[in-house]
Each structure stands twice: as C-alpha cells, then as structure tokens.
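S.K.: What follows is the residue order along each chain.
Protein chains: 2
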Amino acid sequence: MIKNMTENQITLHIIKSLKENKKKEFESILDELQPYDIARIYDDLPDKHKTRFLLFLNTDLLADLIQELNKETQLEVLNKLGIEKTGKVLDTMDNDDLATLLDDLSPEKISSLLAGMKKEESKIVQDIMNYPPETAGRLMTNRLVWIRNYYSVKEAVEKLKIFAEFAETLNYLYVVDQERKLVGVVSYRDLLISEPNEIVRNIMFERVISVPAAMDQEEAARMIERYDFLAIPVVSEENVLLGIVTVDDILDVVIQEANEDIEKLSASGKSIDFETKTFVAAYRRLPWLILLLFIGLVSGKIISSYQETLNQVVALAFFMPMISGMTGNTGTQSLAVVVRGLVSHDLDKGTLLRLVWREFGVGLIIGLTCGVLISIIAYLWQGNAILGLVVGVSLLLTLIIGTLAGTVIPLILYRLNIDPAIASGPLITTLNDIFSLVTYFGIASAFLHLII
Amino acid sequence: MIKNMTENQITLHIIKSLKENKKKEFESILDELQPYDIARIYDDLPDKHKTRFLLFLNTDLLADLIQELNKETQLEVLNKLGIEKTGKVLDTMDNDDLATLLDDLSPEKISSLLAGMKKEESKIVQDIMNYPPETAGRLMTNRLVWIRNYYSVKEAVEKLKIFAEFAETLNYLYVVDQERKLVGVVSYRDLLISEPNEIVRNIMFERVISVPAAMDQEEAARMIERYDFLAIPVVSEENVLLGIVTVDDILDVVIQEANEDIEKLSASGKSIDFETKTFVAAYRRLPWLILLLFIGLVSGKIISSYQETLNQVVALAFFMPMISGMTGNTGTQSLAVVVRGLVSHDLDKGTLLRLVWREFGVGLIIGLTCGVLISIIAYLWQGNAILGLVVGVSLLLTLIIGTLAGTVIPLILYRLNIDPAIASGPLITTLNDIFSLVTYFGIASAFLHLII
Chain A
378 MIKNMTENQI TLHIIKSLKE NKKKEFESIL DELQPYDIAR IYDDLPDKHK
428 TRFLLFLNTD LLADLIQELN KETQLEVLNK LGIEKTGKVL DTMDNDDLAT
478 LLDDLSPEKI SSLLAGMKKE ESKIVQDIMN YPPETAGRLM TNRLVWIRNY
528 YSVKEAVEKL KIFAEFAETL NYLYVVDQER KLVGVVSYRD LLISEPNEIV
578 RNIMFERVIS VPAAMDQEEA ARMIERYDFL AIPVVSEENV LLGIVTVDDI
628 LDVVIQEANE DIEKLSASGK SIDFETKTFV AAYRRLPWLI LLLFIGLVSG
678 KIISSYQETL NQVVALAFFM PMISGMTGNT GTQSLAVVVR GLVSHDLDKG
728 TLLRLVWREF GVGLIIGLTC GVLISIIAYL WQGNAILGLV VGVSLLLTLI
778 IGTLAGTVIP LILYRLNIDP AIASGPLITT LNDIFSLVTY FGIASAFLHL
828 II
Chain B
378 MIKNMTENQI TLHIIKSLKE NKKKEFESIL DELQPYDIAR IYDDLPDKHK
428 TRFLLFLNTD LLADLIQELN KETQLEVLNK LGIEKTGKVL DTMDNDDLAT
478 LLDDLSPEKI SSLLAGMKKE ESKIVQDIMN YPPETAGRLM TNRLVWIRNY
528 YSVKEAVEKL KIFAEFAETL NYLYVVDQER KLVGVVSYRD LLISEPNEIV
578 RNIMFERVIS VPAAMDQEEA ARMIERYDFL AIPVVSEENV LLGIVTVDDI
628 LDVVIQEANE DIEKLSASGK SIDFETKTFV AAYRRLPWLI LLLFIGLVSG
678 KIISSYQETL NQVVALAFFM PMISGMTGNT GTQSLAVVVR GLVSHDLDKG
728 TLLRLVWREF GVGLIIGLTC GVLISIIAYL WQGNAILGLV VGVSLLLTLI
778 IGTLAGTVIP LILYRLNIDP AIASGPLITT LNDIFSLVTY FGIASAFLHL
828 II
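Chains A and B supply the protein sequences, listed in that same order.
Once you know that position 35 of the first sequence is 412 in the working numbering, the rest is easy, because the numbers rise by one and skip nothing.
Once you know that position 343 of the second sequence is 720 in the working numbering, the rest is easy, because the numbers rise by one and skip nothing.
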C-alpha cells in the first residue's frame with residue numbers, strides 16, 4: 378500500500394491511523410517499514426501521538442525501534458513503557474545493543490531496568506558489560522547457531538531451521554565439543570551437499586578463526602575485514618564459545634574509529650557531532666586550544682630570544698609563517714600515513730625500518746625541491762642572495778626533520794601502546810614549530826654578518 | 378593436522394610438500410586455510426617454489442588466492458598461469474573483484490585477459506566496468522539468489538538450495554517480476570515458516586530498499602550501515618535488478634573513504650600507504666606543499682606590508698605564530714566536525730543553520746576564554762597593557778572568524794557537490810592565515826601610537 382509513498386506521506390498516514398485509533402491499518406503500514414525508518418518517523422512525530430504510537434507496537438517492533446534511537450530517546454521510550462513492558466522489550470533486544478544502552482547509566486538505573494527482565498537474559502547482559510568497553514566481548518551477541526561435533530548433518534539442519542528466526546547470520550554454524558569449546562565451523566553449503574547421516578565432526582572446517590573476548594574492537598574489525606567474514610566467533614581464554622561479533626557492528630566500529638582518528642589528528646578532543654550543545658563542544662575543544670596557546674608562546678619565546686637578529690633583518694619575519702607552516706604540514710602528512718597505515722597493517726621490524734627510510738627519502742626530495750624554489754623566490758623578492766640561501770637551507774633541514782618527526786614519534790607511541798593519533802595536535806605541532814624556528818633563526822644568526 | 382601450527386610452521390610444511398611433490402599432502406594443508414592466509418603464505422614463499430605452488434592449486438583456490446593479493450602480484454600470477462587457465466580463474470572470480478583488477482590496465486591488456494574467459498562472464502565484467510569508479514554499480518556482484526514473484530515457497534527453497542554454493546549471502550532472496558524488475562524481498566526465515574504451496578508474491582516484503590547503480594559508493598555504504606543489511610540490491614533506472622553490494626565490500630569502502638578524508642584533511646594528496654615508493658610518495662605530496670609554500674609567501678607579503686609597525690614593535694612578532702596557529706587549529710577542528718558529520722547525516726536547512734549558529738557560539742566562547750588569557754600573559758610578559766589588549770582582541774576576533782570559516786566553507790562546498798574535505802589543506806589554512814595576520818596587524822597598527 379505504502380510502496381511508493383514519501384516519508385512525509387507515510388508519517389501523515391500513521392498520524393491519521395493513530396488519531397482514528399485504527400490499529401490494523403497502523404500495523405499494516407509498519408509492517409512494510411525498516412526499523413531505521415520507524416525510528417525516524419517516531420522522532421518526527423508530534424509529542425501528543427508518541428504514547429499511542431508505542432502502545433500500538435508489539436514487543437518485537439519496540440525492540441527494533443529502540444535499537445535505532447539515540448540514547449536520550451531510548452530512555453524516554455522505556456520510561457513511557459513501564460516496568461513490565463520494558464522487561465519484555467529488553468529481553469528481546471540484541472544483547473550487545475542493550476549493553477551499549479546501559480553503558481553510562483547509574484548502577485541504580487541499570488538495576489531498575491534489568492529488574493523486569495528474565496533472569497537468564499539479564500545475566501547475559503551483565504556478563505557482556507563485564508568486558509571493558511571497545512573489546513570484542515562488549516560487541517558480541519549470543520544470537521548464533523552452534524551445534525555439537527557429534528551431531529549428524531540431518532540433526533544440524535534441523536537445529537538450523539529451528540533457530541533460523543533467531544540467528545543473526547545463517548551462512549555458518551559453529552561446532553562445539555562437550556565442554557562448549559569451539560572446535561570447528563560448518564557452512565550451510567557444506568551441510569546441503571553432505572549425506573544426511575554424515576557426522577558433523579567429519580565435514581567441519583577445523584582451523585576456526587576466532588577472537589578472544591578481551592581483544593580490542595579495532596583488531597577484531599581488522600580480522601573480519603581481512604577474511605571477509607560476516608561474523609567472527611568470540612571465545613574465552615579456555616576457547617569456550619561465548620558469542621559472535623557481526624559485520625554490521627564492525628561497520629559501526631570502523632566508522633567510529635575513523636572518526637576518533639580524525640578527531641585526534643585535528644585535535645578536536647572528545648567526540649563532537651552535529652547534535653553536541655554549544656557549551657559542551659566549546660568545553661571539549663578548549664583544552665587542546667589552551668595547550669596550543671602555550672605552545673604558541675614557546676615559539677614566541679624562541680623568536681624573542683633572537684630579537685637582536687630580527688631587529689637587524691626584519692625581512693626574516695616574512696618567511697617565518699611559511700617555514701613553520703610547511704614543517705607542520707609535512708609532519709601531519711607523515712603522521713596521517715602512519716596512523717591510517719596501522720589500521721590495516723601489522724608493524725614488524727622490517728616494515729618499520731622501510732617506512733622510516735622511505736619517509737627520510739621523501740623528506741629529502743621535498744626538502745631539496747622546496748628549498749631551491751624558495752631560495753630563488755626569496756632572492757628575487759628581497760634582492761639578497763645570502764638571505765635566499767639562509768631561507769632555502771633552513772627549509773630543507775626543517776622539512777627533513779618535520780617529516781621524520783611525523784613518522785618516528787607516532788611509531789614510538791604505537792610501540793609503547795599509546796594511540797599514535799593522539800600525537801598529532803600537541804606533540805608533533807609543538808616539536809615541529811620549535812625545531813623549525815630554532816633551525817631558521819640559528820642559521821640566520823650564523824650568517825647575520827653576511828646578510829646585512 | 379595443522380590446527381595448532383604457527384604460520385611459519387605451516388609455510389615450512391608447504392615448502393616440504395612442494396619439494397617432495399606431494400600434492401595430496403599439499404591439498405590437505407590448504408584445505409584448512411583461509412584465502413587471506415594462503416595469499417600471505419604465497420607472498421612469503423621463495424620465488425623458486427611459487428610456480429609449483431600455483432600448479433598445485435585448483436581453479437577455485439586460485440580465484441580465492443588472487444582476490445587477496447595486491448595488484449602487482451595478481452598480474453604476476455596470471456602471467457604464470459597462461460591464457461587458458463587464466464580464463465578459467467577469471468570466470469570463477471567475483472565480478473567486482475575482477476573489475477577492480479582490470480581497473481587501471483591498458484585496453485590491450487584487458488582484452489588479452491578477457492580473451493580466455495567465457496563470453497557471458499566477460500560481458501558481465503565489461504558491464505560493471507562501464508559504471509564510473511566509486512559507484513554502487515562498480516562494487517556489485519551478481520552472486521545473488523533471485524526468484525520470480527509467482528514461484529511457490531517450495532520452488533523458492535529448491536532454487537535456494539541449488540544456488541547455496543554460489544550465493545554471497547543466504548539470508549535474503551530478491552523477488553523479480555517478468556521483466557526482472559525488483560518487486561520484493563523474502564527472508565529465508567519467512568520461507569521456512571510458510572506453507573510450501575504459498576505463492577512468494579503473498580509473503581514477500583514489498584518496500585524493498587535498493588540503490589541505483591550510479592549511486593556514489595559512500596551513499597550506498599550509508600544505506601547499508603543505517604539498515605544493518607548484509608547486502609543491498611542494485612537496480613537500473615528502470616528498477617531492473619542488476620546485482621547486490623555486500624557488506625564486506627562496504628567495509629572496504631568505509632575504510633577507504635575514511636582514509637581519503639584523512640588524506641585530504643592532512644593535505645597529503647593521493648593515497649600513500651606503507652608500500653608506496655619514495656619517489657611516488659614525494660611526487661604525490663609535493664603539489665600540496667608547493668601550494669602551501671606560496672600561501673606562506675602571501676602571509677609573508679602581508680607581514681612585509683606592516684614592516685613599519687613591526688619595526689617599531691618587534692614584540693608583535695612574538696605572538697604571530699600563536700595567533701595564526703590557533704586560528705588554523707580552530708578552523709581545522711570545525712572542519713573535522715563538519716566532514717565527519719556529513720558521513721552519517723543528511724544536511725537539511727535546519728541542521729545547517731543550527732550547526733553554523735552552534736559553531737559561532739563555540740567560536741565566541743573559546744575566543745573570549747583564550748583572548749582574556751593571552752591578554753594577561755602578554756601584559757605580564759612584555760609589561761605593556763595596550764599590547765596585551767591588542768593581542769587579546771585580535772585572538773578573540775580571529776578565533777571567531779577561524780571557527781566560522783572552518784564551518785561555512787566546507788558546507789558551501791558540500792552544497793556545490795565538491796568534497797568538503799578537500800577544503801582543508803589549502804583553502805581554510807590560507808584564508809585563516811590571511812584573516813589572522815590582517816586582523817592582528819590591522820588592530821596593532823591602529824593602536825600603534827599607544828603601544829610605543
């Protein structure tokens with residue numbers, strides 16, 4: 378019925394059915410919509426219709442809806458539902474989404490929400506929440522189909538059919554032994570082409586790739602990306618199958634991690650998006666800016682210590698923004714290459730040395746090119762060959778230093794298990810600013826008697 | 378057998394089986410490995426063993442292997458295989474991967490590679506290559522299961538079983554009408570719980586979410602991410618089903634697009650990774666740096682036009698790096714917020730105005746905070762209250778301007794369908810540098826008689 382309608386038309390239609398209290402009509406519309414769309418419609422609905430909208434939804438749809446809302450709205454919806462219905466809805470939600478929902482809430486709020494849930498479901502969620510944030514354990518769901526290694530193919534297919542409604546993906550079944558240890562994996566395809574009486578143990582794939590629950594989510598993402606999996610099993614230290622992490626959650630992780638890298642590279646501090654309030658955004662950005670202010674003063678201090686030189690050749694000031702800008706920039710370029718490269722590469726010693734050597738070469742080439750160029754320009758502009766040479770040699774040196782600093786510092790941080798992206802804002806910018814000013818004024822002072 | 382071996386042990390085992398010409402043993406090892414791992418082992422193999430390694434692989438494994446190699450090695454492998462085997466392997470490869478492989482090759486090389494392929498397979502690949510790069514059409518594969526809307530549930534299940542081996546994902550079947558137009562989608566789950574004689578048309582979900590083949594891959598990624606799909610159908614302008622884009626390709630797209638954003642934000646030019654050669658990396662980074670060199674000279678020119686002012690109060694130079702650094706930084710922060718926000722948000726007029734207003738507020742707050750702070754510091758350092766006031770007011774103004782420039786410019790570019798991330802390196806940095814120097818020296822010159 379609503380196949381060719383726009384979102385606005387659908388919303389109007391829904392409001393009409395709510396006003397006229399026509400539940401059947403309402404359900405037939407909702408039936409054709411994706412959870413994401415239902416959530417957007419709920420967001421846009423006038424407040425007075427929201428309560429009845431929720432009343433008209435069954436538990437499954439409510440669970441789907443809540444998973445697509447932002448945190449504030451989630452809690453608002455749960456408040457409207459009351460304890461009993463909330464319990465049912467939380468039972469139905471994916472465990473990983475529920476764990477995310479409970480994440481920052483107070484312990485009292487959490488226990489009041491979990492109170493209405495089934496014991497076994499609330500136990501699972503609490504187990505998930507025991508893993509540190511941003512680990513595979515925190516992301517996993519228990520909506521997977523597992524079979525015993527002594528099952529026959531026929532038994533496996535039966536189990537698959539029963540759990541089809543429940544499982545997140547159907548392409549793979551995980552095989553466990555008596556102790557629920559993960560011992561193999563069987564594809565749906567293999568089941569279809571095998572004899573019904575064959576034992577699973579004999580057709581399964583034994584070298585299962587799994588991740589420990591404590592693994593960092595970024596590393597788990599790398600595994601799924603490498604192997605093109607739709608899901609990866611999560612195991613305990615004893616190799617007991619705990620759950621799976623699915624690719625849709627990994628997609629969110631990858632976007633989140635990329636945003637974090639960009640935030641750190643642009644020194645914009647903790648996550649700010651379109652919805653962040655003015656004061657919060659300013660508050661989150663200020664620490665970096667104040668740090669940078671003091672860093673800027675360090676540069677100022679360096680310049681002031683060369684006040685004599687500057688007083689005698691004011692023209693030196695003209696090239697200051699160019700030299701420090703270029704040095705900062707080449708450093709950021711190297712940093713970006715390293716930070717993003719580490720997303721998809723392991724870092725062994727060979728890679729490391731090759732990379733540093735490559736970046737040294739890059740620094741040398743761009744340093745020579747830009748150095749020669751600026752020498753000529755400076756000479757033509759100021760009519761002073763020595764000044765040109767001073768500026769050119771300074772730029773050559775600062776570009777090599779800047780490139781190496783942008784490469785080596787994040788690599789060292791990575792080795793020390795510190796996130797290299799954090800290095801950008803303060804560390805590299807400071808160091809490169811200071812390096813470049815000291816180099817520039819140092820060389821200029823040495824040749825001062827020739828310039829004047 | 379190899380279940381608990383390390384990668385090195387496995388490689389040694391494989392080399393042994395190659396030396397002793399034991400194909401059975403070789404195959405039993407390979408059987409337990411993932412394509413990604415096979416590719417890594419191939420990469421590490423001494424050259425003298427590579428040819429026999431390839432000879433021992435069957436067509437399916439060869440196709441899997443090639444999909445995991447980098448481009449150079451892919452072509453090297455195909456060369457070793459000869460025309461006939463190459464044709465068979467290319468027939469087996471996923472069409473989207475094959476299209477990527479052929480991407481930058483010369484027309485002669487492409488037709489020589491396609492020569493050995495089956496007509497229908499090579500036609501499909503050529504069709505895919507007709508879509509512009511970075512579109513849904515370019516990413517799609519035809520490994521999907523589709524059924525007619527007049528099929529019975531029983532017929533649908535039969536077809537699913539036959540194609541299970543071939544399809545990328547099994548959770549959904551796409552339903553087409555007589556003209557192959559996409560009219561619905563049925564989940565595997567719905568098939569299992571329906572009567573075998575029910576007609577697909579009656580149980581299918583009609584509001585199918587699909588993407589046009591010409592859609593930008595980033596937008597297609599956003600759809601999959603929003604709806605948590607494992608695959609999304611791709612249709613022609615006439616709504617004819619052409620293929621599907623799967624989430625594993627989307628994962629690669631998301632990583633690639635994030636890298637591109639970071640490259641542009643750090644002005645590091647076209648993609649550079651750990652493997653890029655020194656000269657290529659230098660060549661790709663140089664254009665931006667040379668541009669920035671000239672931009673730096675514009676700043677120098679502005680400073681030189683205030684030479685008189687600077688001559689009289691050299692201390693003004695001390696605060697130059699701080700003011701331009703801070704302005705550049707707040708601009709980059711705003712830019713990062715906008716660029717990444719656009720990854721997951723649509724931009725309507727309300728959002729736009731709210732965002733600009735928010736950033737103005739942020740600029741005002743950080744401008745006031747940092748302005749007051751620097752006024753005090755400058756006064757204490759230089760013992761000149763007017764100088765402190767000049768520096769403070771300049772910083773307040775330049776921070777507001779910088780924040781707004783970093784917000785408004787990328788939004789305008791986005792509206793003009795230009796990638797806003799590109800705005801960073803040159804545009805925002807230049808403008809903010811120029812704004813900040815003109816503001817600073819303008820204010821300083823106006824109050825010059827008071828400072829001295």
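Treat the hints with caution; some may be incorrect.
Claimed, not checked - EDC-like cross-link-like pairs, simulated, lysine to aspartate or glutamate; straight-line CA separation at most 20 Å:
no. : chain 1 : residue 1 : chain 2 : residue 2
1   : B       : LYS538    : A       : ASP437
2   : B       : LYS726    : A       : ASP437
3   : A       : LYS558    : B       : GLU409
4   : A       : LYS401    : A       : ASP437
5   : A       : LYS536    : A       : GLU556
6   : A       : LYS425    : A       : ASP468
7   : A       : LYS538    : B       : GLU575
8   : B       : LYS726    : A       : GLU652
As the list claims (entries may be wrong) - Heads up, incomplete: computed chain A residues facing chain B, CB under 10 Å, no partners named:
no. : residue
9   : PHE403
10  : GLU404
11  : ASP408
12  : ILE418
13  : LEU422
14  : THR469
15  : ASN472
16  : PRO484
17  : ILE487
18  : SER489
19  : LEU491
20  : ASP629
21  : ALA694
22  : CYS747
The hints are simulated quantities; they were obtained by calculation from the structure and are not laboratory data.
For glycine and all other residues, C-beta sits at the position ideal for the given N, C-alpha and C.
S.K.: Which of the numbered hints above does this structure break?
M.R.: 1, 2, 6, 9, 10, 12, 13, 14, 15, 16, 17, 18 and 19
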